[in-house]
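> Protein chains in written order, with the numbering used here: chain A, 1 to 67; chain B, 1 to 178; chain C, 1 to 1012; chain D, 1 to 222; chain E, 1 to 239.
Everything labelled a hint here was simulated from the structure, so no lab data went into it.
Check before you lean on any hint, since a few could be wrong.
Label-pair restraints from in silico Cβ distances [stated by the list, open to error]:
| id | chain 1 | residue 1 | chain 2 | residue 2 | range |
| --- | --- | --- | --- | --- | --- |
| 1 | A | A21 | C | E827 | 50 to 58 Å |
| 2 | C | Q452 | D | G121 | 31 to 39 Å |
| 3 | E | K67 | C | E649 | 55 to 63 Å |
All figures in this text were calculated on a predicted structure; none of them were measured in a lab.
The beta carbon of each residue, even a glycine, is placed where N, CA and C say it ideally should be.
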Amino acid sequence: MNETFEPQIVAYCCNYCAYAAADLAGSMRLSYPSNVKVIQVPCTGRVDILYLLRAIEDGADGIYVAG
Amino acid sequence: MKKFNIPHNFEFTSIITLYAQWIREGKLKVNSDWNRDLKIKFTLQDPCNIVRKTWGELMADDLRFVIKTIVGEENFVDMIPCGTNNFCCGGGGGALQAGLPEQRRAYGKVKFDQIIKTGANYVFAPCHNCHGQMEDIGEFYGGNYHVVHIWTIMCLAMGVLGENERAYLGPDLAKVGL
Amino acid sequence: MSKQAIGSVLVVGGGIAGIQASLDLADSGYLVYLVEKNSAIGGVMSQLDKTFPTNDCSMCIISPKLVEVGRHLNIELLTLSEVQSISGEQGNFEIKLTQHPRYVDVDKCIACGICAEKCPKKVLNEYDAGLGKRKSIYLKYAQAVPLKYAIDENCIYFKKGKCKACEKFCPSDAINFDDKQKELTINAGAILIAPGSAVYDPSVYDTYGYKQSPNIVTSLEFERILAATGPFAGDLVRPSDKKAPAKIAWLQCVGSRDINTCDNSYCSSVCCMYANKQAVIAKEHCDDPLDTAIFFMDLRTYGKDFDKYNLRAQEDHGVRFIRSRIHSVFPDDDDKLRIVYATESGKRAEERFDMVVLSVGLSPGKDVAGLAEKMGVELNNHGFARTSCLSPVSTNREGIFVCGTFQEPKDIPHTVMEASASAAAATGNLSHARWSLTRVKEMPPEENVTGQKPRIGVFVCNCGINIGGVADVPAIRDYARDLTHVIHVEDNLFTCSQDNQDHIKQIIREKGINRVVVASCSPRTHEPLFQETIRDAGLNKYLFEMANIRDHNTWVHMDNPEKATEKAKDLVRMAVAKAAYSEPLHQVSLKISKAALVIGGGVSGMEAAVGIADQGRPVYLVEKSIELGGNAKFLGTTWQGEQIGPYLEDLVNRVKNHPDIELFMQTKVTGTTGTMGNFSTTLTSLNGEGKEIKIDHAVTVLATGGREKVPEQYLYGEHPHVMTQLDMDRAFSESDERLSGTKSVVFIQCVGSRIPERPYCSKICCTHSLKSALLLKNKNPKMKVYIVYRDIRSYGFREELYVQAREAGVIFIRYNLKNLPKVESLEDDHLSVTVTDHVLGMPVRLKPDLLVLASGIVPNANTALFEFFKVPVNSEGFLIEAHAKLRPVDFSSEGIFLAGLAHYPKPIEESIAQAKAAASRAMTILAKEEIMVGGVVASVEDARCAACLTCVRTCPYGIPKINEDSHAVIDSAECHGCGMCVSECPGKAISLQHFTDEQLLAKTSALFTSGG
Amino acid sequence: MIVADRKSLDEIQEMIKDYKKILLVGCKGCVTVCNVGGMKEVQVLSSILKIARKKEGRELQVEERTIERQCDFEYVEQLRADCDRFDAILSMACGVGPQFLAEAFPSQKIYPALDTKFFGGAVQHGIWEERCAGCGTCVIHFYDSLCPIARCAKSLQHGPCGGSANGKCEISEDVDCIWDIIVRKKMEQERLEDLRTYRAFKDWRSARDGGPRKSIREELVQ
Amino acid sequence: MTSPIELDELYCDFKESVQASIPEANLDLCLTCGACTGGCPASELLDMDPRKLVRMVLLGMDDEVRKTPWAWVCTMCARCFKACPMKINIPKLVYSVRRSWPRDKAPKGIRGSCDQHIRAGNAMGVPSKDFIWVVEDVAEEIQENDPKFKDLKVTVDRKGAHLVINQNSREPVTEPDELGPLWKILHMVEADWTYPSVMWAGENYCLFLADEEGWKYILEEFVYHIDNNLGAKVVVNTE
């Protein structure tokens, strides 16, 4: 993996825990790479395996499901 | 007198207050023309006993009014800090006779630094303890300033300062107003 | 109390206290008159940049509430008004008000700002704490509510009779110079005073030279310097030369805890925490490292997560904390400021700073004494409202209540709690006048957009510097222009401000937008606000999508603006992709139960139960032990010396004999289902037969409490003379023989608190030890009493106890984690405590007859119960509230509230306030007949359903059922909208509205197509 | 219901390795109920196959269809229109499905994506257990509706074998000894004697041993 | 490690005595906040500072308090008192410490000056007549060699004079020439002033020694002399 590799990572975050945590990381001004894009779901239970597979099919380099 | 509540029917005041009063009343005609070109810098030590511990800001203002009248506002530099918050010179409370010169001089270092910071050639010491102490720390720490009473410079400004009354003046003022 | 009580409440003061109280009152059925003396509401909180402990920017969390008050049908906002006189009594007050002229017609003014541009007269801007300037015709601040200009008294026309520039240029000729002062008379059933307090003016401290150097600022001025709307637009620069500072010092206790230069002997409670916050936030504003030093006496970070915040400030952000009060600040060359201070060991140290912030305290507002007099409200010796700990929000006058900093300096979470509490107290006996004066809002008919091609409007927000300062907002806006279905794009400074809301409504109508995307901050805080706005424009509120380009983007990628801009574009593209598939959804109204379930029979539980029952709603109170009272049973007096015993007895009786309270002693909750409005919980009695009862209720209040931690150190349990504070209280009440003949007593503070295993402060132990020490000294002044402490946290007026204790000769010795006191039992079985005197640095030994350990508070273990209600707890086991700052009594899941020690350790007066607040919050639901449900819920497509029972089995709330013609059915009123059944259903028969597969897949794939 | 498991990915990939365009057909019957062959599982498998193929750098087109059942020709007919467009058809139904498809579309190559296992039920969501071996003559009423034919490794009908130890079958401790359960139940009901009644030996011809079977209902046959 | 101080055996007698004589001393209220020590030039001298002194008093370490020579280094300038949030009168505490010293142990320089002041009315111990002689001698000199001041009038004990000036004893004894300037100023404003002969010196070493009897005696003598013998209305403290 050369250094210029910019992975595209999609993160399914549940509204109450992970999404709130991501907000908190923002208000605490922690910093993390910008390759992660958060998609808000009511609960990680909502994340169908199909989403993960379709994401990979579309070119995702990593998927993060946090709840 | 209040401490022992000794009855007395006279007021107690300071000569500084009188100086200021007399200048304001015009009785004491003095100005700072003499120093307009000489531009000799003066600073002032606020004696704790007459400023912070008793008359406070009033005395601080009177002192500055008198001094600015006799040396010119542009030639006066205040210490930092000054007025009621000024540091003590270290000579008060009998320190000069306390027999602890090393501590006294260490105490006076703050005052010395203050004086040097102003860059003034002369320091007004309207109190004998301050006068003695600042003289001493001046020599001890090698300051090139001179310590004078207000009356000395006031007489100089009025051109009435006698030749023998210039012990505390530096060479720059030795001849002025003779 | 006369029957014809009026169903309205007067709230004096439009700060966060007045705002929260007004919202609670208006939402539970009362007309509110909110009187504010300035031209807009918001109070001191609106001037703050960021707030602790969450670091939210103050404006972002208050503006939704400002807008809500501004648009609330049942809140009559009376700005530039003051109370002249009041008459009448509880239930029926008549209040005379004077409304000063605004000289601007509020209906016509569109706050375009041209008048201010043209106005020649410049005056000091008090909103910017005098740092910046504003015009004589002004808007208090950008997000002000009401967003209307006003002209102040220095206007040239008033002074010299000429100019009128504003009138010439005003596009909607809203200027009205002959606007007169109006006298209004209103009637209200109760009055609630929340005028707040004044920020202390430190010019009397001549040693600090506040006026001499522009780089010596007050903490409020520093907030303005940090704020994006401040005089330097958020750049942290020195006022003297506008250069970025390298070193800043904070001096604590300026205007507090001082009986020499000023006469505020109390502690202002908030300065330690805001200094922590300001240091952390200031560092963020500087590119190169900023050295921050806070000079303090006792570090009073006593609230929830405050100590953690402080530890983070020290360890992660490198803020230096120097325990030394400063004598003087000397101006130095190049506008620097020199501070000479004594270290803890007495050595002299000296540092030069670029800026000095004076952490000024809070003192009574200047016209507050007059107001109190008009109202007949007594003040205490500090000039604040006098209240009793056992009825913390009531004043001496029936029907008049108080909350916020007018009662005592306090932080915003505590203020918000008190605001809700006073709302409940105020309407304690106005319940039958509920909904009598309130109005109903008719929404414009909803446009039917089904079948229409999507026409998306994208609004990109700058949020001051929060987004605009990092990402290239115009580029994001232009990028969005050519995304599919997008017909309108724009960017604004503050999308959430009220003028922008009206602007969005107008654009929606003009351009026929049928989907709206806002790229700004977190939907968790702002989605309801925007949804209501587009609903007001006739669009169904679900035709809306947000892209969080701040919390998830600019705030966390500050070091890489290009990447942040790219990511913002991706997030906007994803949001637009999902918005294209969004469908209108309709909520349906659902009858709700009237009852409330309160769990926990301590003071908090009982106060909440009585609070709700007094409002005429039935309450089920469940207590698992055999008697009511909780910890209060062991307490002697409040810190103000009020007897707790009689109060508790009276409270228990009121609970037992209250017609609307059904008591379940020795009963546990063994299961619950349902959602807000329709919970159904099974209770099991523990005394033998274990009979079960199912009760239906609309809301739940968790008041499960906490208990004193049993100390594991300092010979507790091994030596008879080592006791905890409750043991000491018991010893006092039973005049235990161990107390007679004691010659020396030692208290050790922070036993089991503020340590790595429990990194929090239990908040009450300092006050408790001080109270006990004073009792001992009163018994025998000659007795030697020592308090071995780390920080004495007698915040607010409790500082009086600390002064009295020292006056009585109690000796305070400070220890720290690296040098704990050593407790041994000598051969003659006498106790010995060795500790290092923090001033002399010498070991001292005490031989106390009694050793009292100020042990901390731990929450009662209720993992099963919390599991039933699915409420989260933090790492120490305390319940996590919805929002630490502005929703300290709610949970994130609707309809459940919390109060008392289970939330965080707190003194009894704060527990009572929180319990009443819970009651008030509950009433915002119980007051209604029905609530709107549905929206984001799952729905089944019968044709695809194979009745395979997967959904029935996976749903955590057990809601899906199989009906007679063997299809699954999900009751939209019950469904929590989590979507687990949707992703598990093998036949793809269920879809979660607003989060359908189509929408989420579109959002996911949008990330990977074209760009990103 | 008929319970099946999905074949491993390698096995499926091996089957379709030569084809570029396949049709993946799900069945809304038993395999949906046991979460292995419904519309969701079809989409998931389709995606997995495409990703696997993409990793090999070869392209694969998959179309997805899910019909009511694959064990009735009328439903199978719905695929007729498109069936020729594909190189092969992958059926995600129980074993019956691929065979019916093959019978309906003899020229098309049909492959099974599942391994059909047994008749059974879900003792818990996600765990199915065999209950019936389809022996053709049900005798469970003799054993208090606990069928030793299906649930005993050796289908013994007259008591447990020597290998039964503390309720577990000798072949694996995950398998309960059904006889242990039968005897305990009889003892609870104090009707242990029932097991002593003589019964004729079992006629296995009605089972698989008697060759492939048919079930004909004259009244329904046109 | 030095053995720990047994606090329970110490009793704060000294603190009680100070509180008794100075009720508003507020000693107990000390927050150990360090404001005094931060602003005191005498901090760290002799390993002592105002906060440590107050702390020793509060802990009852009376003999260390009485023993520390620091009491003579502190000049009682009250800069600590100005900033102390609890208004603790540390200067008066130091005064009390000085008072608790046996007279013969106090610094002999200060004791000497105080004794001489009691005896001779000025700290240098110069007899009044010598003071009068010097004054008259310097006055004559000025009258002779400066025509502007030929009718300069310097009097001692002149009844009915409005102002009484208390002159520091250093000038008349060691630097007589320094007396001139003040006289000239007083002359130019035609001030109606005189020197007192009794307790004429302006300094006050008995105060520094904290010898209350001596200090009281000097004042009484001085006041008696002014009110009864001179009847002056205003007493002026010189620079």
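> Determine for every hint whether it applies to the structure shown.
Verification of the supplied hints:
1. A:A21 / C:E827: 50 to 58 Å: The hint (50 to 58 Å, Cβ to Cβ) holds, given that A21 of chain A and E827 of chain C are roughly 56 Å apart.
2. C:Q452 / D:G121: 31 to 39 Å: violated, 48 Å
3. E:K67 / C:E649: 55 to 63 Å: The hinted range 55 to 63 Å holds for K67 of chain E and E649 of chain C, with Cβ atoms some 58 Å apart.
Violated hint for the displayed structure: number 2, the only one.
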